[in-house]
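S.K.: Top line first, the protein sequences correspond to chains H and E.
Each residue of the first sequence is one higher than the one before, counting from 10 in our numbering.
Each residue of the second sequence is one higher than the one before, counting from 197 in our numbering.
There's no promise every hint is true.
Simulated pairs of lysine to any residue, SDA-like, Cα-Cα distance not exceeding 25 Å [said to hold, decoys possible]: (1) K531/E to K96/H; (2) K389/E to N196/H; (3) K84/H to K96/H; (4) K564/E to H203/H; (5) K51/H to N196/H; (6) K401/H to D143/H; (7) K96/H to R391/E.
Note that these hints are calculated values from the structure, not bench results.
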Amino acid sequence: MLSPYCVLDLADEKGLLAGKVLADLGADVIKIEPPSGNPSRKLGPFYQDKESPENSLYWMAYNTSKRGITLNLEKPRSQDLFRGLIKKADFVIESFPPDYMEKLGIDYHQLKDTNPQLIWSSITPFGRTGSYKDYQASDLITMAMGGVAFITGDENRPPLRLALNQSYTLAGIHCVSACLTALMYRNATNQGQHIDISIQEAIATTLWSSVPIWEFLNINEPRMGNKGTYGNFVFMREVWQCKDGYVVRLPIGGLWGAQDWGGLASWMEEDGVIGSLKGVDWASMDTTNLSQQQVDAWEADMARFFLLHTKVELEDGAAKRGMKLIGVQTVPDIMNSKHLHARSYWKELDHSELKRTIIYPGYYFQSDKTKHGPRSRAPHIGEHNKEVYKEKLGLSAGEVESLKQQGVI
Amino acid sequence: MTTLLPLEGVKVVDLTWVAFGPWVTKYLADHGAEVIKIESTTRPDIIRLSPPYKDNKAHPDRAGLFTVFNSSKRSLTLNLKNPKGLELLKKLVKWADVVVENMGVGAMKNLGLDYEQLVKLKPDIIMVSMSILGQSGPLSFFQGFGPHGAALSGVYALTGWPDGEPTSNTLAWPDCVCPWYATTAIMAALDYKRRSGKGQFIDISQVETTIHGFAPAMLRYSANDQVTNRMGNRCDEAAPHGIFRCQGFDRWCAIAIRDDAQWKALCEAIGKREWASKFATLKQRKANEDIIEKAIDEWTAPQMAEDVMKKLQSIGVPAGVVQNAENLFADPQLKHRDHFPKLDHPVMGKTTHPSWPAKFSASPAQLKPAPALGQDNEYVCTKILELSDQEFIELVNSGVLE
């Protein structure tokens, strides 16, 4: 879908997903790394637990379909090469500290005259300006500062981040969306621009319930463990332990809720464990008028019921009864999902250097007209130096070799 | 003077509701698209009927959650059970470039508005269907919400304490992630149409998009046969890496040590200078994480979270207050970026309509208040569909616009 466009991707783990999505959608994405390799190559897990820059599964996961070149941005000769590449590019994605590229003389505002149509995205923890711009961060810090950690976890234990680096992938996909928004603007005006993305702000954007709850009620939405609140701050459990794992069931009210609660109650009756749920008129039950005491009594009985069944039994029985219940899927469950296989979601990529294939998450959406998804494994350090420097800057193989020896690339 | 917005001239028929669908069309509208949100007075978007309400008065135009997801749109109420209502919707499809929906799988077909039918009305239409699991496949019948998507994509299984349960929260993480894959798909499709003249049908799933955030765990299972499990706040690449108790009720500070220099600085700060060499390597710190975390906790507990953050940041150590909603509204950095603009809502008055994490140098987003239910009926009928005043009045009188 994006085959006409060329992207220079200088980002570390904070922005890897952005270039990957553009590459998987067809753009020519050139990953520019220092000669020692991108810092994210140090992130695990590693292939067969063998730690090395070429074995990072984290790197592999987020650099599919890209070509890779090396360039030491801190050398003057390299900066000439970078200026040359800028002329051929539509997008730049970088995640350096706010003043890093400016000090090298190769920041957006120093280069934009070279290519006025260029769209340049900077991904930083807090944004390129403002009082926190130089604060040190990591995913854990932006999860905390953006508000997600406060509402995640058990009420009697410390707040939690979401697993893996979700603030980076969230900022990454916001970056792609922003790049294409700027492309729409460029299509209309022929002008490029700079985009300043804050990871903290991306996380703050997700606080859709906490924000109006504070604004209208002056209440800080609390951590509720596995519970949700369905009106008047009565907490109701969403994740239930069953025989062989966990399931999710939302204790919602209204029309859907009546069917769900009714189905659950009749099932508990069949199993002989209905307890306190007996005789409730679910059609008129209003979740906003329940007391915590009432909910706690029901939940004690429900907990016993769920432990009688496996995930699959509960899913199948729920489907028959029109209930919205689903098992909590582990990584193996997800990779073995019949549903995802039926949709041909997974993509097996060739790793000839490892003499095997590895299975990757595939497309971002399905389309009746266009196809996309990971096309090739992540590049090795400098793998496409000769090819890219020849194609973009007309350098010969000999020139590339000599630049390599000078430590430029 | 208003600057040109990136999506100016893009026309969108918005059949989304609740959260993750409306978020997509909010993005398009805030960046210049003309978005017509279609509801009915008998079945408004259910998020209009969800608390909290402004001044605690339950009313479809006073729901805070609706303002979060619906700025800059126009609102049209249409009775789709009335054949004339359906006819008006089809006219809007002819006008539109993009139709977005997140109804249950099959609902558009039941209305006679599936892609096959839309193409007959507008050959180059871009139709986007958003759902939990996609439009096809054995589980596509499952009509759930974001928390179901979170259970299906690994968010819950992987988030939590190693000795605890899978952990949910109110965000429904896929609701917060999938929309930006959808805006990406829509703009890529618009550019593809500009170049090829062709529209397309896009089927986007919460689960399939959210899994990309867990790709390293998927590759690890595929390549190493290893299953990634819950790790609390810890991770393999950095230690210590946790959230520590501070002074006051439910006050905390996150600290993440990513290299040896940061470790050395932290050891100085917490008065454990000898640990700089004793636990010099990541491996040593991982092996002694329990006692290191205990010492940090003892150091942070009597201090204000803000002081811990400032002290550590001043010596180059990554640290951040675990901010609650109140803190976010007061956060100087989010203020600097104008993240919570207050717009003059037609019913609620000055109300927060959250902005976006990407700031554009040439074409910044321009947010307008979320619409009251049906507030643009006349505009849509007379200005967009170019009906006469008489025709509009007849539609009103015959209950089509309800």
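S.K.: Holds or violated: K84/H with K96/H, Cα cutoff 25 Å?
M.R.: Distance of about 19 Å is within 25 Å: holds.
S.K.: For K531/E and K96/H, compute the direct alpha-carbon distance and say whether it is at most 25 Å.
M.R.: Not OK: K531/E and K96/H at ~36 Å, beyond 25 Å, violated.
S.K.: Does the alpha-carbon distance linking K564/E and H203/H stay inside the 25 Å limit?
M.R.: Given that 25 Å is the threshold and the Cα spacing comes to 23 Å, the pair holds.
S.K.: Against the 25 Å threshold, does the CA-CA distance of K389/E and N196/H hold or violate the hint?
M.R.: holds (12 Å)
S.K.: Hint check: K401/H vs D143/H, CA-CA at most 25 Å. Holds or violated?
M.R.: violated (34 Å)
S.K.: For a C-alpha distance cap of 25 Å, please report whether K96/H and R391/E respect it.
M.R.: holds (22 Å)
S.K.: Is the straight-line distance between the alpha-carbon of K51/H and that of N196/H 25 Å or less?
M.R.: violated (39 Å)
The structure is inconsistent with the numbered hints 1, 5 and 6, although it conforms to all the rest.
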